[in-house]
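A.B. asks: The residues making up each chain are set out below.
Number of protein chains: 2
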Amino acid sequence: MVKIKFNPYNREIEVLQGENLLEAVRKAGIFMDTPCNGSGTCGKCKVKVINGDIISTGSKNITEEEKKNGYILACQSTVNSDAVVEIPETDSSSMHGMKIEDFSGSREKNIFQRSRDQILKSGMKFNNNIKKEYLELDPPTLNDNISDFERLRRHIKKQLNYDDVFCGLTILKKMPQLLREADFKITITHIPDEKGKTVIINMEKGDRTDQLYGVAVDIGTTSVAACLVDLHNGELIAKASSGNAQMKYGADVINRIMYSTRGNGLEKLNHAIIQETINPLLNRIYADSKIESDEVVSFVAAGNTTMSHLFLGVYANFIRQEPYIPAFVKIPLIKASELDIKVNPETPVYLVPSVASYVGGDISAGVLSSGMWHSDKNILFIDLGTNGEIVFGNSEYLMACACSAGPAFEGGEISCGMRASSGAVEKVKIDSSYNPTFSVIGQEKPLGICGSGIIDLICEMMFAGIIDRKGKIIKDLNTDRVRFDEHGIGQYVLAFKEQYDLDRDVVITEVDVDNFIRAKAAIYSGITTLLNNLSMDFTAIDKIYIAGGIGNSLDIANSVKIGMLPDIDQNKIQYIGNSSLMGCYLTLMSEDAKHKLEEIANSITYVELSVESEYMNEFVSACFLPHTDIDKFPTVKKCLDSSV
Amino acid sequence: MVKIKFNPYNREIEVLQGENLLEAVRKAGIFMDTPCNGSGTCGKCKVKVINGDIISTGSKNITEEEKKNGYILACQSTVNSDAVVEIPETDSSSMHGMKIEDFSGSREKNIFQRSRDQILKSGMKFNNNIKKEYLELDPPTLNDNISDFERLRRHIKKQLNYDDVFCGLTILKKMPQLLREADFKITITHIPDEKGKTVIINMEKGDRTDQLYGVAVDIGTTSVAACLVDLHNGELIAKASSGNAQMKYGADVINRIMYSTRGNGLEKLNHAIIQETINPLLNRIYADSKIESDEVVSFVAAGNTTMSHLFLGVYANFIRQEPYIPAFVKIPLIKASELDIKVNPETPVYLVPSVASYVGGDISAGVLSSGMWHSDKNILFIDLGTNGEIVFGNSEYLMACACSAGPAFEGGEISCGMRASSGAVEKVKIDSSYNPTFSVIGQEKPLGICGSGIIDLICEMMFAGIIDRKGKIIKDLNTDRVRFDEHGIGQYVLAFKEQYDLDRDVVITEVDVDNFIRAKAAIYSGITTLLNNLSMDFTAIDKIYIAGGIGNSLDIANSVKIGMLPDIDQNKIQYIGNSSLMGCYLTLMSEDAKHKLEEIANSITYVELSVESEYMNEFVSACFLPHTDIDKFPTVKKCLDSSV
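Chains as they are written, first to last, in the numbering used here: chain A, 1 to 644; chain B, 645 to 1288.
Please keep in mind that the hints were generated in silico from the structure rather than gathered at the bench.
Remember, it's a predicted structure, so these values are computed and weren't measured experimentally.
Check the hints yourself; a few may be wrong.
Here are the simulated SDA-like pairs of lysine to any residue, each with C-alpha atoms no more than 25 Å apart in a straight line [unchecked claim]:
#	chain 1	residue 1	chain 2	residue 2
1	A	Lys174	B	His915
2	B	Lys817	A	Arg262
3	B	Lys817	A	Gly263
4	B	Lys775	B	Lys817
5	A	Lys174	B	Asp984
6	B	Lys912	A	Ser337
7	B	Lys817	A	Arg320
8	B	Lys1114	B	Glu1258
9	A	Lys195	B	Asn805
10	B	Lys802	A	Val15
11	A	Lys173	A	Lys121
12	A	Lys157	B	Lys839
13	B	Lys1116	B	Ile1274
14	B	Lys769	B	Tyr1041
15	A	Lys197	B	Phe810
16	A	Lys109	A	Lys290
17	B	Lys839	A	Gly263
18	A	Lys173	A	Val199
19	A	Lys68	A	Glu486
20	A	Lys158	A	Lys185
21	B	Lys849	A	Thr261
22	B	Lys775	B	Asn754
23	A	Lys48	A	Glu66
24	B	Lys712	B	Asp697
25	B	Lys974	A	Leu142
26	A	Lys174	B	Ser1076
27	A	Lys330	B	Leu822
28	A	Lys195	B	Lys839
29	B	Lys817	B	Gly767
30	B	Lys1114	B	Phe1268
31	A	Lys475	A	Tyr434
Which stretches of chain A does chain B cover? Using the computed rule of at least three CB atoms under 8 Å from a CB of chain B, they are [claimed, not checked]:
#	stretch
32	144-154
33	287-299
34	317-326
35	583-592
Yeah, the Cβ is synthetic: ideal placement off N, Cα and C, and Gly gets one too.
With these hints in hand, go ahead and build the complete structure from the sequences.
C.D. replies: Structure, rendered in structure tokens:
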């Protein structure tokens, strides 16, 4: 065994000689964002050896200078002796870091209000099916000595008129003491069905009828967001988000599925999403709002089909293999205790139904909250998360497809990419002398760049003449912000480390630009192919809703300029935030919405892009800024012409 | 810390100086039967100090000679240094020891046959509600790419005509791989309801429709018995029994309940019954019968009300406190996985409903299997287990009471008492020179005496003139088998240790006889009081069924002679074995029987003896051999007269 100490965490662990260094980092409980999951290609697990014998194969992700300074890729290294290793303070902590959101701000509020209005306008009601009742039971005597549960049942039958009453084991376990401590004055939380039966899911002392809480969770591949809701009035009590702790096992669903098939990989992924992501988020929310987990009696979650499988711990590998079959799209209700989610153990877990292997519950929920299902206008819904999903339609029909956009929109596979959280550059301008100005989420110090920032950056670089329309960096520009490494790969420095006291410069490389171009091309060609499939073109679009983790500051004009979105009237394009979380929220609040959601998931027609012959051509044509055929982007053409 | 080594187990543990020695024995994982649970009264935790400093308070249960030889009571001792302690090889291992029963023998078979006949004669059917179906699904293709679960649902809907299909999480988890490994040819096990729904509880590869198994368990306070049943034909595949591992926490329900209220006592008791008793029994059965736990898809258990609470881990203390209220008498179905029982995790656990705090599910099940519920004759049902419960009635009415008989019938609170398992003396004769002959269950060497043996022994001692009618040992008899300790307490030696190479003599003391007389008096006075309550006497009894753990060799005549059973025509009295287990077996096999069982539990009228003023008088009068009023036992009187 050898001892490895990790700075600045001051954490020491013992591992076998010969252990992979990235595995050692994970065993030490230190989070590193490793999109390629140890294959040595993403370059994100860069660490600095302070002392000790660590054997490392070289990597094109390590420059000569870095090599001299002791930098190696942890995933490409094995430990040969006791050692001290420094882990750079990059975005990784903030990548996973938790953020309690203040939604007193108008933007978040407006988005919620808009979703609520969609439901109410369509004639649905906020009718969740969870009820609370305050009961005063007759205490037992020698003459009235029926069991506690029979006493409760008798009272409920008489007072509330239910034929039969059920309860789970956890209720039975706490009932005898609780009844007596409460002097037989209790509040039950129960879920009645239409047939005169009801199921008790919680029991509290005294009158607690005014407290009724639920939790909605959006399980994104990169980011997870949760909100605590007062089920009486629909008020949001707290909202929090963090990185998905599964990121350490791969950046996208394909890498995660691959990891899940190895050893106890599936268990680890399930543990990562529930124990390392959702429960910590909930604990933060509870601490903040002074609410106990036992009081939370409703839970709705949505994720893409793979996330849904991993959330339940269900084998997901056949999603990835032709003919791409999920184990389920819709599951029967299960109890929170079965998944060990930190809410009341009897809470029914509702997982939003998926449509197909690559159009998940997050899209069903997004369509619900967008309101497109009761619109007579043609609406294009685009979810820009770790993948890109597109739905087109109206109250008559809904068509969907999934684009292999990869994780670039949430900062994945971008050297300084990060999700839209504290420390992320979200808006960028570049002046004529190639110098940038930018704004950072939550603080001064730029730790990395999120999706909206990358769009701005690429767009500005193009218009400033730093990159050409292929995304290649122009040589011999008169600026120290542009440089080329020994392999000839160019990069643009957005922020010098000296200026902000960082461990590294915040840069964008030609490789990053190329990755991002392919991501945006996947979206654009997806839209084109889906419309062609319906024999339509962009003129048919009455409205575009953009949803997802790309960031609140998404610049619509720039998104068009780089050719991600079609060049239509930009007043028709609107960012609607985390529509999946909104859909979960609506489902929490309304049984009507839940039924509608199931209808939506059932009715969406899935178009498999990989079998559409034209898709590949469309994609290749779109791998340009904004497009190989500039005439498809008349307003951008005009701008480019004028900027030359 | 000090080290304690236990012989002959060769087990060593470290404990804090000052630790109680009985606690140290438990921590070392060694089972000792301690009915009084450490209060120093039962004298069962006798151990021998080989070396080391162990501080012990004296005890009347340790003779001067034993003291000289280093014997102490573990519960009354604390450890002061490293030590070596010998634990006598008494009944304790066999008390808990597991026994796989061979029921090819006629007795066991007859008892089963009788119970089955009761059900069938009453017009019920063997119609258990668990079905198996072999299905050949169409494998998925790119054109038929619905999810695995939808595919299954579609097939079941079409082929079996169920409107809706549900399944639990464990099924969902194994489905994707299982379907493909099985080439989509599978067998499902499911439970349909009447409304066109069905719930899948197991899934296997290929055609397994011929394999359908269930388990029935009788959870006695002292003994636990389990049997594995072929649900297709009702055949018993294996049966096993063992001591209830909860015994280390107290011999009777009151001591167990008291233990359950301390610290994590409830958890420990729940662990003892499920993890240390039921699951090991099932593992033995599975190993013996080459059946996997996953194939067992039905589970029925019965126990007294306290055992039922502890089995579920439900707080039981209010059973013990006036007004004696159980938390429940009937529970909704729960899943085996919720209790961690070693059967298929989706298996519904059916716990037989209780009647009241002191008439449990074991009695409901016993009444079912006795058939008294459809008899027009008056039947007296007596369960002689750790407690004694009595039910009287017929198809018109059923009255029940519980007698505080204590654990004596199963060997509890008797110095050499043990349950009716291997090594127990089950039958005894004593000749005119005070020498005994006896038979031992399963082997030659007598380790202790079980209930039926104690009845014989006391009866024979009375007729041989060793004890008087108060149970006191006659002095100055011409035999070395009778002796008195320094406190003047007499004892009779049934087996000298030298003769059988034992660690101690097998004896019965005056204290034991006294304990047993109180137990048998509780039964007799219970019968009298119950009949008086109905303004009836013994002439109203058409039949007596004796059930319970007292032992297969129960001698009816001797039971009457000592005054446990009324002096009626002995042809009317029949031993029917473990009627609780039989009732569970019938419930496994028949939904009709299950409905009848619930009817029985609902319809039994419970008579609380402690509030019947005459009960105490009846009890005191019965604390004689056979009774203070010998005229109540005319045939015994005749025998006694002739033996004088």
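A.B. asks: Work down the list of hints and note, for each, if the structure agrees.
C.D. replies: Comparing the hints with the structure gives:
1. A:Lys174 / B:His915: holds (18 Å)
2. B:Lys817 / A:Arg262: holds (16 Å)
3. B:Lys817 / A:Gly263: holds (16 Å)
4. B:Lys775 / B:Lys817: holds (21 Å)
5. A:Lys174 / B:Asp984: holds (19 Å)
6. B:Lys912 / A:Ser337: Status holds; Cα separation ~21 Å.
7. B:Lys817 / A:Arg320: The given pair, whose Cα atoms are some 17 Å apart, holds under the 25 Å limit.
8. B:Lys1114 / B:Glu1258: Within the cut-off at roughly 22 Å; holds.
9. A:Lys195 / B:Asn805: holds (23 Å)
10. B:Lys802 / A:Val15: Answer violated: lysine 802 of chain B to valine 15 of chain A is near 56 Å, above 25 Å.
11. A:Lys173 / A:Lys121: violated (44 Å)
12. A:Lys157 / B:Lys839: Holds, at roughly 23 Å.
13. B:Lys1116 / B:Ile1274: holds (18 Å)
14. B:Lys769 / B:Tyr1041: holds (23 Å)
15. A:Lys197 / B:Phe810: holds (19 Å)
16. A:Lys109 / A:Lys290: holds (22 Å)
17. B:Lys839 / A:Gly263: violated (42 Å)
18. A:Lys173 / A:Val199: Satisfied, since the Cα-Cα distance of roughly 15 Å is no more than 25 Å.
19. A:Lys68 / A:Glu486: Status holds; Cα separation ~14 Å.
20. A:Lys158 / A:Lys185: holds (16 Å)
21. B:Lys849 / A:Thr261: holds (21 Å)
22. B:Lys775 / B:Asn754: Violated. Lysine 775 of chain B to asparagine 754 of chain B sits at ~29 Å, over the 25 Å cutoff.
23. A:Lys48 / A:Glu66: holds (9 Å)
24. B:Lys712 / B:Asp697: holds (15 Å)
25. B:Lys974 / A:Leu142: holds (20 Å)
26. A:Lys174 / B:Ser1076: violated (61 Å)
27. A:Lys330 / B:Leu822: Status holds; Cα separation ~19 Å.
28. A:Lys195 / B:Lys839: holds (12 Å)
29. B:Lys817 / B:Gly767: Violated. Lysine 817 of chain B to glycine 767 of chain B sits at ~42 Å, over the 25 Å cutoff.
30. B:Lys1114 / B:Phe1268: holds (5 Å)
31. A:Lys475 / A:Tyr434: Cα-Cα ~13 Å, so holds.
32. 144-154: The restraint on the stretch 144-154 of chain A holds, since 6 of its residues have a Cβ under 8 Å from chain B and three suffice.
33. 287-299: Violated: only 0 residues of the stretch 287-299 of chain A have a Cβ under 8 Å from chain B.
34. 317-326: Answer holds; 7 residues pass the 8 Å Cβ test.
35. 583-592: violated (count 0)
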